[in-house]
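Chemist: Take a look at the letters that make up each chain.
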Amino acid sequence: MAEFLSLRDAVARYVEDGATVAMEGFTHLIPFAAGHEIIRQKKRDLTLIRMTPDLVYDQMIGAGCARKVIFSWGGNPGVGSLHRLRDAVEKGWPHKVEILEHSHAAMACAFEAGAAGLPLAVLRGYVGSELPSVNDQIKFIECPFTGERLAAVPAVRPDVSIVHAQKADRAGNVLVEGIVGVQKEAVLAAKHSIVTVEEIVDDLRTEADYHPNACIIPGWAISAIAVAEKGSLPSYAHGYYPRNNAFYKEWDGIARDRDTFTRWIEENVMNAGGNA
Amino acid sequence: MSTVDKGLDYTSSEMMTVTAARALENGMTCFVGIGLPSEAANLARLTHAPDVVLIYESGTLQTKPDVLPLSIGDGELAETALTTVAVPEMFRYWLQGGKIDVGFLGTAQIDRYCNLNTTLIGYYREPKVRLPGGGGAPEIATNAGEVFITLKHSKRAFVDRVDFVTTLGFGRDGKGRDGVPNIGKGPTRVITDLCVMKPDPETKELVVVSLHPGVSREDVIEATGWEIRFAETLESTPEPSARELEVLRELKDRTARAHAGA
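These protein sequences, in sequence, are chains F and D.
With the first letter of the first sequence counted as 1, position 19 gets the number 19 in this note's numbering; the numbers rise by one all the way through.
With the first letter of the second sequence counted as 1, position 1 gets the number 1 in this note's numbering; the numbers rise by one all the way through.
Hints are not guaranteed to be accurate.
Listed next, the in silico DSS-like pairs over lysine-lysine satisfying Cα-Cα at most 27 Å (straight line) [said to hold, decoys possible]:
#: 1; chain 1: F; residue 1: K96; chain 2: D; residue 2: K128
#: 2; chain 1: F; residue 1: K139; chain 2: D; residue 2: K152
#: 3; chain 1: F; residue 1: K139; chain 2: D; residue 2: K175
#: 4; chain 1: F; residue 1: K68; chain 2: F; residue 2: K167
#: 5; chain 1: D; residue 1: K64; chain 2: D; residue 2: K252
#: 6; chain 1: F; residue 1: K167; chain 2: F; residue 2: K139
#: 7; chain 1: D; residue 1: K99; chain 2: D; residue 2: K155
#: 8; chain 1: D; residue 1: K252; chain 2: D; residue 2: K152
#: 9; chain 1: F; residue 1: K249; chain 2: D; residue 2: K99
#: 10; chain 1: F; residue 1: K42; chain 2: F; residue 2: K96
#: 11; chain 1: D; residue 1: K252; chain 2: F; residue 2: K139
#: 12; chain 1: F; residue 1: K249; chain 2: D; residue 2: K175
#: 13; chain 1: F; residue 1: K91; chain 2: D; residue 2: K128
#: 14; chain 1: D; residue 1: K99; chain 2: D; residue 2: K128
#: 15; chain 1: F; residue 1: K249; chain 2: D; residue 2: K252
#: 16; chain 1: D; residue 1: K128; chain 2: F; residue 2: K249
#: 17; chain 1: D; residue 1: K128; chain 2: F; residue 2: K68
#: 18; chain 1: F; residue 1: K42; chain 2: F; residue 2: K191
Now the in silico label distances, taken between C-beta atoms and shown as ranges [claimed, not checked]:
#: 19; chain 1: F; residue 1: A116; chain 2: D; residue 2: K175; range: 49 to 57 Å
#: 20; chain 1: D; residue 1: G179; chain 2: F; residue 2: T260; range: 33 to 41 Å
#: 21; chain 1: D; residue 1: D51; chain 2: F; residue 2: M270; range: 47 to 55 Å
#: 22; chain 1: F; residue 1: E148; chain 2: D; residue 2: D160; range: 50 to 58 Å
Calculated directly from the structure, the hints in this document are not laboratory data.
Computed from a prediction, not measured in an experiment: that's the story for all the values here.
Each residue gets a CB set at the ideal place from its N, CA and C atoms; glycine is no exception.
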């Protein structure tokens, strides 16, 4: 049953040094506030899983939280590189980070397999790609019925998954709207989960825009809920605020240089108080 | 660069986008990559192909963005989509399930057999430049019915040997799809700011089939990292129309305003 905690307490309780952490949100609803809290609490040696590391992992990698990153597309969307990820991979700053890379299809299937409690995901994937030669977590199996050669990857089973959503109700049920990515799969695949939300409402089912097919994660499938208003900026929350595309462009300049980056983290994360 | 000396004024980038847009037929289902492919696919939708079905890997199905998305998951895509599905459903049902006619991709490097590298420059364990990686491309390229590729023509991009095959074209030897069951046709055309290329039906090696107005064979040879072949009958790519240019420029202006204002 979901427990209502402050973001600080939720991160302190569920994100341990060395943990495997998935923070999802496909461009939309990226849990930046939670990422910043992890940076503030100086969590270390994390294995970070995300299809698109985006700025949130660029910040966490640059701040020294990551030991390993598992991803499928590591760029600043529409802008260019993630300079902190690159600096860690190419130059080992602030320390060497191991990477394990997949395709989107494989990672999406791996999250789904995790949610489904299976040990592996099977897909018609990686045909002719050299990714299997650099990632030993990609194997090929033969379909027992047709003999077709198919790709297999292990299910994603994080110690903790963290997602952001529009709202939760008092029973802890969470509504996710718009681009839903693999958020639900991430929550269901994990041992523990933290959901940050824009607001708490009384009962989702009595909300004016409630719909029987809405993407709802029941409270009893979530470990902790924390309110984090504007908790996905500079990403966005459908129905609440738009993506700050201008900041995504600015980030290129901030992250390109170690000192500029470090100052930005000091000013905007370390010394910016609870919910920044 | 080039404006052409007679008729309309347009840039080589506009020529590329318009030519790429024309490759899409009305009613096709298209899995759209971000950047140049997205620009071309939306131009097609706003001109000759109003019923082209555009699908982005963020799960936005049949979307009609008014401005070009900066990321693959901008709110604009969800707000103008027929429906938005979860990412696993996107890749499993819609792409792997065989519902996509054409995948439209960009790339950092491409070789003569249309193999694409978006992973890195240099060696894997010690990259000179780390690129974003595969994203949706490896499975788009094999599970879509066919693949269109668009990128600017340069020696840095058109290389004799890609540093890494992120995404299969036809393999290092041109035979990478031979005998593979349930696989799409692969790349059927490559559209650049200089020309249009298609794979040779037998060898799968890229052949220039059409030069854009004002572009010479030497221009293409100079910008290609291998000894590029030309078709026996080399066509001249039709110029953009006034309408196509107007729609494209309005789209880009709207986009620039929207992204600056965020």
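Chemist: Quick one: which hint numbers does this structure break? Sort them smallest to largest.
Modeler: Structure breaks hints 2, 4, 6, 7, 9, 11, 12, 14, 19, 20 and 22.
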